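Residue numbers (the numbering used here), protein chains in the order written: chain P, 823 to 1306; chain Y, 823 to 1306.
Treat the hints loosely; a few may be bogus.
Because identical chains share one entry, a pair is satisfied inside a single copy or across any pair of copies.
[Claimed, not checked] Pairs of lysine to any residue, SDA-like flavour, derived with a Cα cap of 25 Å:
(1) K1144 with R1204
(2) K1144 with D1054
(3) K1086 with R1137
(4) K872 with G986
(5) K1064 with T1097
(6) K1225 with R984
(7) K1305 with N1262
(8) K1221 with N1208
(9) K985 with A1210
(10) K1305 with S1264
(11) K985 with S1213
(12) K904 with D1237
(13) K949 with T1219
(14) K1221 with F889
(15) K904 with R1236
(16) K1086 with Q903
(17) K1076 with R1223
(18) K956 with D887
(19) K1081 with D1119
(20) K904 with S1084
(21) K902 with N1227
(22) K985 with G1033
(23) K985 with W1231
(24) K962 with F889
(25) K872 with W1231
(26) K1221 with L874
(27) K1214 with N1104
(28) K985 with R1239
(29) K1305 with P994
(30) K985 with A1032
Everything labelled a hint here was simulated from the structure, so no lab data went into it. Here the structure is a predicted model, which means the values were calculated and not measured.
2 protein chains.
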Amino acid sequence: MAYDSCCVTRHLAVVPVLLLAVLLLPQSLRADNAGDGETDTKPTYGYVTKYLTVPVDQFSFTWNDTFQLRYLVNDTWWDKQKPGPIFFYTGNEGDITLFAQNTGFMWDIAAEFRALVVFAEHRYYGKSLPFGAKSFEEPKYLGYLTAQQALADFVAVIGELRKGQSFPRQSPVIAFGGSYGGMLSAWIRMKYPHIVSGAISASAPVLMSAGLTPCDAFSRIVTSVYHAAAPDCAENIKRSWKALRNISNTDDGKAWLSKTFSLKKAIHTPADVNTLLEWLNNAYTDVAMANYPYPADFLGDMPAYPVHEVCKPLRKRVKDDKELAKAIFQGVSVYFNYTGRAKVLDVNNSDSLLDVSGWDYQACTEMAMPMCSDGRSDMFERAPWNEAEYSKACFATWKVRPKFNMTLWEFGGRDLRGSSNIVFSNGLLDPWSAGGILRNMSDSVQAVLIPEGAHHLDLRSQNPADPASVRGARRLHRQHIRKW
Amino acid sequence: MAYDSCCVTRHLAVVPVLLLAVLLLPQSLRADNAGDGETDTKPTYGYVTKYLTVPVDQFSFTWNDTFQLRYLVNDTWWDKQKPGPIFFYTGNEGDITLFAQNTGFMWDIAAEFRALVVFAEHRYYGKSLPFGAKSFEEPKYLGYLTAQQALADFVAVIGELRKGQSFPRQSPVIAFGGSYGGMLSAWIRMKYPHIVSGAISASAPVLMSAGLTPCDAFSRIVTSVYHAAAPDCAENIKRSWKALRNISNTDDGKAWLSKTFSLKKAIHTPADVNTLLEWLNNAYTDVAMANYPYPADFLGDMPAYPVHEVCKPLRKRVKDDKELAKAIFQGVSVYFNYTGRAKVLDVNNSDSLLDVSGWDYQACTEMAMPMCSDGRSDMFERAPWNEAEYSKACFATWKVRPKFNMTLWEFGGRDLRGSSNIVFSNGLLDPWSAGGILRNMSDSVQAVLIPEGAHHLDLRSQNPADPASVRGARRLHRQHIRKW
Chain P
823 MAYDSCCVTR HLAVVPVLLL AVLLLPQSLR ADNAGDGETD TKPTYGYVTK YLTVPVDQFS
883 FTWNDTFQLR YLVNDTWWDK QKPGPIFFYT GNEGDITLFA QNTGFMWDIA AEFRALVVFA
943 EHRYYGKSLP FGAKSFEEPK YLGYLTAQQA LADFVAVIGE LRKGQSFPRQ SPVIAFGGSY
1003 GGMLSAWIRM KYPHIVSGAI SASAPVLMSA GLTPCDAFSR IVTSVYHAAA PDCAENIKRS
1063 WKALRNISNT DDGKAWLSKT FSLKKAIHTP ADVNTLLEWL NNAYTDVAMA NYPYPADFLG
1123 DMPAYPVHEV CKPLRKRVKD DKELAKAIFQ GVSVYFNYTG RAKVLDVNNS DSLLDVSGWD
1183 YQACTEMAMP MCSDGRSDMF ERAPWNEAEY SKACFATWKV RPKFNMTLWE FGGRDLRGSS
1243 NIVFSNGLLD PWSAGGILRN MSDSVQAVLI PEGAHHLDLR SQNPADPASV RGARRLHRQH
1303 IRKW
Chain Y
823 MAYDSCCVTR HLAVVPVLLL AVLLLPQSLR ADNAGDGETD TKPTYGYVTK YLTVPVDQFS
883 FTWNDTFQLR YLVNDTWWDK QKPGPIFFYT GNEGDITLFA QNTGFMWDIA AEFRALVVFA
943 EHRYYGKSLP FGAKSFEEPK YLGYLTAQQA LADFVAVIGE LRKGQSFPRQ SPVIAFGGSY
1003 GGMLSAWIRM KYPHIVSGAI SASAPVLMSA GLTPCDAFSR IVTSVYHAAA PDCAENIKRS
1063 WKALRNISNT DDGKAWLSKT FSLKKAIHTP ADVNTLLEWL NNAYTDVAMA NYPYPADFLG
1123 DMPAYPVHEV CKPLRKRVKD DKELAKAIFQ GVSVYFNYTG RAKVLDVNNS DSLLDVSGWD
1183 YQACTEMAMP MCSDGRSDMF ERAPWNEAEY SKACFATWKV RPKFNMTLWE FGGRDLRGSS
1243 NIVFSNGLLD PWSAGGILRN MSDSVQAVLI PEGAHHLDLR SQNPADPASV RGARRLHRQH
1303 IRKW
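Next up, chain P with everything else stripped away, as it sits in the complex (with noise of 0.2 Å):
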């Protein structure tokens, strides 16, 4: 029984997170630029901070109640005389000028194109909360965390910032958005096609719910990324979870256990030991996310393909248990610990927790996306997607139950035939390919596939390292932006 509600917290707690990894470590990465002389290699860009006061119900009458959304502008390259598009990251799941930071893309290319460059935050994120620190307090406050809601405040936001402009609008307004703000890029353009000429739609997983994609496709890919590093790293790691269980069935052995990954909180029950499996689980799949051809930070402070830093240390095959739990900390301090200044590890972490709460609260309405893993085929602990018992735990938590099928008859799923000018990129490297738009769909809804790409590679600022593919990618974004 301990395995079963093991799982469920899986889903709640750690599948949310896989989208959101990006969240998990923001406050420690702003720490770290603040720090104490630190050099900080990223390029920063610069932008004016907005807020614009948008209706907390976007679709009804009932509530007067308004609140402010921050929005980030920059208008360097822009001709208010003779004004030029303007490129809107529509804001996904955490704070927005993480998210500016992160889609150098869109600053690469914006004095090519004169235009403005905008990233709107999303609801319940960021700084932008519907009822302040209340927003998360009560059912009555987070039921309009919606992607409908968020949709409809970023076309109040492009109505301010064309306002004088004569409808239709001189200025064309190309969404941009990675992951969950992925799918809202191309769900913005399918809504509101008046209002948005064009979309790019980076690393969105717009099948991963409503039964379109099978739920271990994600485990699968991941098994797959870690497989081609390194055949016996995933192996290693499918065997680990045994390992690691076995080591913590004793006292002796949990003492140990806690020692060796130098945890901050000593494991001591069989919820700690799930705790710490968790945190491993959720660690493998935010490398693979993030296994981009240089260093980055966007998922912690990581080296050049991290998947293989991972699997130095697994790369051929580890019998003892202990031995290879030791091989397994060796592997994932490239994760925590890249920069070595990690004294502990800390799977408890729970650092901008509020921003993790939004996303596992439209996890349990609109957003439930299934996954499961079986333990043969991909290298994770067995974890079977259970429809009802996610149900229950959402209701448990949030007083709300999933509407499993609502993205899909809200946003149509794989049937695209009405709409157009979207691009839906995918990183074959990236696990959440296995719920992206891989093939066209029509000649104004394009796939286009990244094979060397983890999660939204396209959009982030060009590099040396770039491989050819995503260099590509971006040559063919650019094209279809200036078609729109």
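For chain P, the structure is supplied; the task is to place chain Y on it using the hints.
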């Protein structure tokens, strides 16, 4: 100042009723039909009445409130094993049974397409009241009366109809609608192209708001219809307002007018006079909308080409005020008393108040349609459009303020480049064509003009008296449906 307040009243009470005129008389019509052996010459169509439980707020998870939405289904021609299309009427502001009886076109072609025929009621009308009898009591109950919420209801009904079908669904949905229902049929295709394959949008004034149409266009078309019937008819009506006001300046005059017009409630105050004049204003527009080539009872029992009938006593210039008043009364008797059964004229008629209230509320939120007349280029009293006054009156009545540009931002107005598979049909005798799409927007967003057509004549059942243009329009509709 009395004039000003007249005008605001006019915009709040009369303009909504223009679209809605259909609703002023349904109760009396129903009474007729259930009456003592009267011959009912209307076609009657059979259906099963069903109800679906839908959320009050389709766009948040804050409330769990649900209500029962009514819809009518006829599966006579539908083969469940090999399901054909679903003909789906997107209900507008009224009891859905009325639209089922007045949209003969869908019934006429159902067998040819082996279609399932469905009429779905719009929330807050007919029997689909989200909060029962309380629905209109307070702003907090009324606030969910919006077009977007109604569209989401319709999508839920389609979901119910297609239960068990695989996705993409086997049965293409063709949306039909007239007037506001036509706006909804176009918009459901626009917002849910993966659910609805195409839309026949008849006499839909989608351009009537947000400054897309001059506020006097409607009045001018009504005038031209009367002018075409008899130039002096429009001229007499134009002069009648002053004549009626002259007469009602004295108590004797008011008594004379009350008697001459067989008023149920004699006029005493200036407000009573305004009410009579508003009723006349409304009568002329209703008659123009229902200017069908055969007797019909859509907007009340009327003869063929009722504008001609209204104009019969007004064909020659009538100079004397009282003579003119008598001729006016004689003319409009065609509108309220074609059957000869009315003993009195009740200008305070408020049958179906609830439905009128619904549209009045919508006209005060997202459906505000600026209307005006100048008394020179049109046959109406001067009634300038005053946005501030309108907004103030809305707030006084409903505690809401209109969002004058809302439909433009939500649905794009004239910018339909991103949409497809919509036919906008307009009768050029119909005043609402003022706000219609009158030219092709693209290969798949097409305009069909019906020079001899009044308000959504093409959606009515075929009739030997139909002009060639409406027969042609229906042929085109069928071709489009076959393509979709």
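These are the hints, each one checked on the structure:
In the homo-oligomer, the alpha carbons of K1144 and R1204 lie at most 25 Å apart inside one protomer (21 Å), although the nearest pairing across protomers, at 92 Å, exceeds that limit. Proximity of K1144 to D1054 under the C-alpha cut-off of 25 Å is restricted to the intra-copy arrangement: shortest distance 17 Å within a copy versus 103 Å between copies. In this assembly of identical chains, the alpha carbons of K1086 and R1137 never lie at most 25 Å apart, being 28 Å within a copy and 96 Å across copies at closest. In this homomeric assembly, K872 and G986 come within 25 Å of each other (Cα to Cα) only inside a single copy, at 18 Å, whereas the closest approach across copies is 48 Å.
For the homomeric pair K1064 and T1097, the shortest alpha-carbon distance inside one copy (15 Å) is at most 25 Å, but the shortest distance between copies (84 Å) is not. In this assembly of identical chains, K1225 and R984 lie within 25 Å of each other by CA distance solely across copies; the values are 17 Å between and 35 Å within a copy. In this assembly of identical chains, K1305 and N1262 lie within 25 Å of each other by CA distance both inside one copy and across copies; the values are 17 Å within and 23 Å between. In this homomeric assembly, K1221 and N1208 come within 25 Å of each other (Cα to Cα) only inside a single copy, at 18 Å, whereas the closest approach across copies is 47 Å.
Within a single copy, K985 and A1210 get their C-alpha atoms only as close as 48 Å, which misses the 25 Å cut-off; across copies the closest is 20 Å, which meets it. Taking the closest pair of Cα atoms, K1305 and S1264 come within 25 Å of each other both inside a single copy (16 Å) and across two copies (18 Å). For the homomeric pair K985 and S1213, the shortest alpha-carbon distance between copies (22 Å) is at most 25 Å, but the shortest distance inside one copy (44 Å) is not. Taking identical chains as interchangeable, the C-alpha atoms of K904 and D1237 lie at most 25 Å apart only when they sit on different chains, with a minimum of 21 Å there against 37 Å within one chain.
In the homo-oligomer, the alpha carbons of K949 and T1219 lie at most 25 Å apart inside one protomer (23 Å), although the nearest pairing across protomers, at 36 Å, exceeds that limit. Taking CA atoms no more than 25 Å apart as the test, K1221 paired with F889 passes in both settings, with 24 Å inside one copy and 20 Å between copies. For the identical chains of this complex, K904 and R1236 are inter-copy neighbours only, at 23 Å across copies versus 38 Å inside a copy, given an alpha-carbon limit of 25 Å. With identical chains, the CA atoms of K1086 and Q903 are never at most 25 Å apart, being 58 Å at best within one copy and 63 Å at best between copies.
Proximity of K1076 to R1223 under the C-alpha cut-off of 25 Å is found in neither arrangement, the shortest distances being 37 Å within a copy and 64 Å between copies. Taking the shortest alpha-carbon separations for K956 and D887, both the intra-copy value of 14 Å and the inter-copy value of 22 Å come in at or below 25 Å. Taking CA atoms no more than 25 Å apart as the test, K1081 paired with D1119 passes in neither setting, with 27 Å inside one copy and 87 Å between copies. In this assembly of identical chains, the alpha carbons of K904 and S1084 never lie at most 25 Å apart, being 59 Å within a copy and 64 Å across copies at closest.
In the homo-oligomer, the alpha carbons of K902 and N1227 lie at most 25 Å apart only across protomers (23 Å), although the nearest pairing inside one protomer, at 43 Å, exceeds that limit. For the identical chains of this complex, K985 and G1033 are inter-copy neighbours only, at 15 Å across copies versus 42 Å inside a copy, given an alpha-carbon limit of 25 Å. For a Cα distance limit of 25 Å, the shortest separation of K985 from W1231 across copies, 13 Å, qualifies, whereas the shortest one inside one copy, 33 Å, does not. For a Cα distance limit of 25 Å, the shortest separation of K962 from F889 qualifies both inside one copy, at 15 Å, and across copies, at 19 Å.
With identical chains, the CA atoms of K872 and W1231 are at most 25 Å apart between copies only, with a shortest distance of 22 Å across copies and 34 Å within one. Only between protomers do K1221 and L874 lie at most 25 Å apart by alpha-carbon distance; the minimum there is 24 Å, versus 30 Å within a single protomer. In this assembly of identical chains, the alpha carbons of K1214 and N1104 lie at most 25 Å apart only when taken from the same copy (23 Å versus 56 Å across copies). Only between protomers do K985 and R1239 lie at most 25 Å apart by alpha-carbon distance; the minimum there is 22 Å, versus 32 Å within a single protomer.
For a Cα distance limit of 25 Å, the shortest separation of K1305 from P994 inside one copy, 11 Å, qualifies, whereas the shortest one across copies, 32 Å, does not. When the C-alpha separation of K985 and A1032 is checked against a cutoff of 25 Å, the pair qualifies only between copies, where the shortest distance is 14 Å, while the shortest distance within a copy is 39 Å.
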